[in-house]
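Asker: Each chain is listed here by its residues.
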Amino acid sequence: MTPLIQIQSLKKYFPVYGGLLSRVVAQVKAVESVSLTIRRGETVGLVGESGCGKTTLGRMSLRLIEPTAGQVLFNGQDILGMDRSNLARIRPKMQIIFQDPYSSLNPRFTVERLIGEAMLVHGHTNAAGARQKIEALMDQVGLSPRYLNRFPHEFSGGQRQRIGIARALALDPDYIVCDEPVSALDISIQAQIVNLLKELQAKRDLALLFISHDLAMVKYLAHRTAVMYLGRLVETAPTNKLNSEPAHPYTQALLAAKPSLDPRRREPRTVLEGDVPSPLTPPAGCYFHPRCPEVMDRCRSETPAATRLDEDHIVHCHLYTEATTVPQPRAHHE
Amino acid sequence: MRPFSLSSKIAAGFLALITLASVFAPWLAPYSFETQNTMNILSGPSAANWMGTDQLGRDLFSRILYGGRVSLFIGVATTLVAVLIGTLYGAVSGYVGGRWDSLMMRAVDVVFALPDLLMIILITVVMGRGVAGLFLALTLVSWVTVARLVRGEVLRLKESNYVEAAHALGAGDLRILAREILPNLLGVLVVTVSFRIPVAILAESTLSFIGLGILPPASSWGTLANDGWSAIKFYPHLILFPSLAIFLTILSFNFLGEGLRDALDPRS
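Protein chains in written order, with numbering that gives the first Met the number 0: chain A, 0 to 333; chain B, 0 to 267.
The set of hints was computed from the structure by calculation and includes no laboratory data. Note that CB positions come from ideal geometry on N, CA and C, so glycine has one too. Among the hints, erroneous ones may be present.
Lysine-lysine pairs mimicking PhoX-like chemistry, simulated, CA-CA at most 25 Å apart [unchecked claim]:
hint	chain 1	residue 1	chain 2	residue 2
1	B	K157	A	K10
2	A	K92	A	K10
3	A	K132	A	K92
4	A	K92	B	K157
5	A	K240	A	K218
6	A	K197	A	K92
So these bits of chain B aren't anywhere near chain A, every CB distance computed over 12 Å [to be verified]:
hint	residue
7	P114
8	L156
9	P197
10	A217
Construct the entire structure; sequences and hints are all you get.
Answerer: Listed below in structure tokens is the structure:
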């Protein structure tokens with residue numbers, strides 16, 4: 000079965016204007032040739048430091064940002080080539096949940112309108128039916144239907160995030176991008192929202208792209224995890240495998256940086272040195288080489304291709320390139 | 000939603016009163032605005048002439064009522080039209096963005112760069128002095144400010160997550176403008192209107208003073224105040240009452256604007 004979402008060699012360069020004539024003087028390479036698939040009913044965690052392009056990648060997979068190059072297939076259909084009307088028809092099937100529960104809800108809409116707007120846009124105008132559906136959705140996300148006529152400012156951050164989730168679910172989507180949906184919430188509320196997402200994902204057989212910088216959260220939620228560094232994917236693996244046998248030196252460093260709950264455990268820590276280079280002037284070869292503890296000569300000049308270590312375990316690192324190399328640029332990860 | 004504050008209720012009451020009094024001036028005014036009574040010039044307030052008379056013996060109260068027609072019409076009409084044009088123009092420019100935005104905003108810059116007075120003189124030369132010329136001239140110079148303000152707000156709002164959410168739902172551009180963006184401009188617009196009406200009323204007085212506004216014997220609050228200015232030492236009532244009319248009206252618009260903004264904001 001073809002995966003629900005196929006992202007192929009997706010790129011996004013943001014032009015930087017400068018000089019007297021506002022000419023393009025440079026390109027910020029936000030996302031550089033990323034390929035990723037998400038299957039129906041699967042949660043893929045996307046982790047990486049701030050500014051590594053994970054949000055841009057998520058937005059592009061919904062075509063909320065136009066990619067510079069590459070392909071996004073939804074259910075086999077190329078959504079980047081679609082005209083506006085076809086795209087509008089497919090939009091209900093792919094939704095987004097935002098990081099900031101405050102700016103993501105129109106302050107002038109009541110909860111009823113916030114959730115019901117989606118149905119209005121797509122012409123489901125049967126008022127009574129819509130109302131019933133809105134109440135059912137509120138119930139599913141753990142909001143009392145009594146709050147139907149309240150405005151967003153009357154709710155807490157967690158409740159607002161529940162409204163955002165109900166809005167995303169209103170048109171029965173197949174795919175939802177969760178863009179750090181809990182990082183703006185209190186720790187105690189985070190657990191509630193993550194559990195809600197997990198439950199809804201299983202119940203509705205959703206494909207989720209869960210963007211986060213919290214490895215523990217992703218470990219709890221995601222079936223597969225993809226690690227990004229400076230606009231490139233460095234490693235994709237089933238979450239358990241990624242945590243137990245990380246292949247890429249960057250993934251290893253990330254996992255080592257995670258605080259351990261066991262005070263007696265004393266592992267040697269791989270501490271990364273230096274800062275993430277600027278995406279304006281990324282280093283040649285492997286983007287990670289200036290900080291990599293296992294850097295080799297070829298890392299400084301050659302970009303490592305995708306190497307398949309296992310059925311679902313793909314790594315972009317020269318330590319492994321002797322193994323079978325996945326042909327680029329049309330990398331099907333399956 | 001919060002109920003109107005007391006100050007904005009009083010302001011609304013005063014504005015309603017003064018508007019009605021001006022509109023029905025021909026029936027309410029005790030005298031005609033141009034009837035001269037040379038037996039009774041420059042008299043102070045009395046039972047017969049509530050606000051006294053001017054140097055030609057014309058009843059000041061009646062002239063203020065008639066003057067309100069010009070001042071209020073110019074204030075309200077120019078502001079509403081300027082805000083309407085400026086909002087539509089600014090919203091389209093900000094929302095469409097890119098090359099169109101640059102083009103539309105350069106046009107605004109051109110209008111902005113022309114000296115206001117020069118434009119107003121040109122228009123009054125072409126159209127003749129009077130209310131129509133004033134209206135056109137003041138609208139023409141003030142819509143650009145609104146357009147810039149609205150464009151800036153739209154630029155900010157269109158990047159907001161809830162507009163992105165509307166895109167993700169597949170909502171069209173018109174729907175997003177009408178339902179997500181314009182309603183969130185309401186607060187800014189109400190404040191703009193309430194601050195621009197006084198500006199327009201004052202602009203009309205200034206123009207009438209330098210001889211570009213309405214022609215005597217017709218009056219506006221501005222011309223009346225300016226007439227009284229020369230005799231401020233000996234006949235202060237001539238400047239006091241027109242100034243009071245302007246002052247109270249401007250104050251009321253500000254209070255009303257503030258009250259409306261708060262009442263229309265679901266957060267308050």
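Asker: Are the hints correct? Go through all of them and say.
Answerer: Status of each hint after checking the structure:
The straight-line distance between the Cα atoms of B/K157 and A/K10 is roughly 24 Å, inside the 25 Å bound, and the hint therefore holds. A hinted pair counts as satisfied when its Cα atoms are at most 25 Å apart, and A/K92 with A/K10 qualifies at roughly 23 Å. Simply put, A/K132 and A/K92 have alpha-carbon atoms about 17 Å apart, close enough for the 25 Å limit, and the pair holds. Proximity of A/K92 to B/K157 is assessed by CA-CA distance (about 23 Å); at most 25 Å being required, the pair is judged to hold.
With a C-alpha separation of about 10 Å, the suggested pairing of A/K240 with A/K218 holds against the 25 Å cut-off. Of the pairs offered as hints, the one joining A/K197 and A/K92 holds, with about 18 Å between alpha carbons and a cut-off of 25 Å not exceeded. Every Cβ of chain A is farther than 12 Å from the Cβ of B/P114; the closest lies at roughly 28 Å, confirming the non-interface assignment. Remark: the non-interface label on B/L156 conflicts with the geometry, its nearest Cβ contact in chain A lying 10 Å away (cut-off 12 Å).
The beta carbon of B/P197 sits about 28 Å from the closest Cβ of chain A, which is more than 12 Å, so the claim that it is off the interface holds. Distance check for B/A217 against chain A: the nearest CB is about 44 Å away, which clears 12 Å, and the non-interface claim stands.
Of the numbered hints listed earlier, the single one contradicted by the structure is hint 8.
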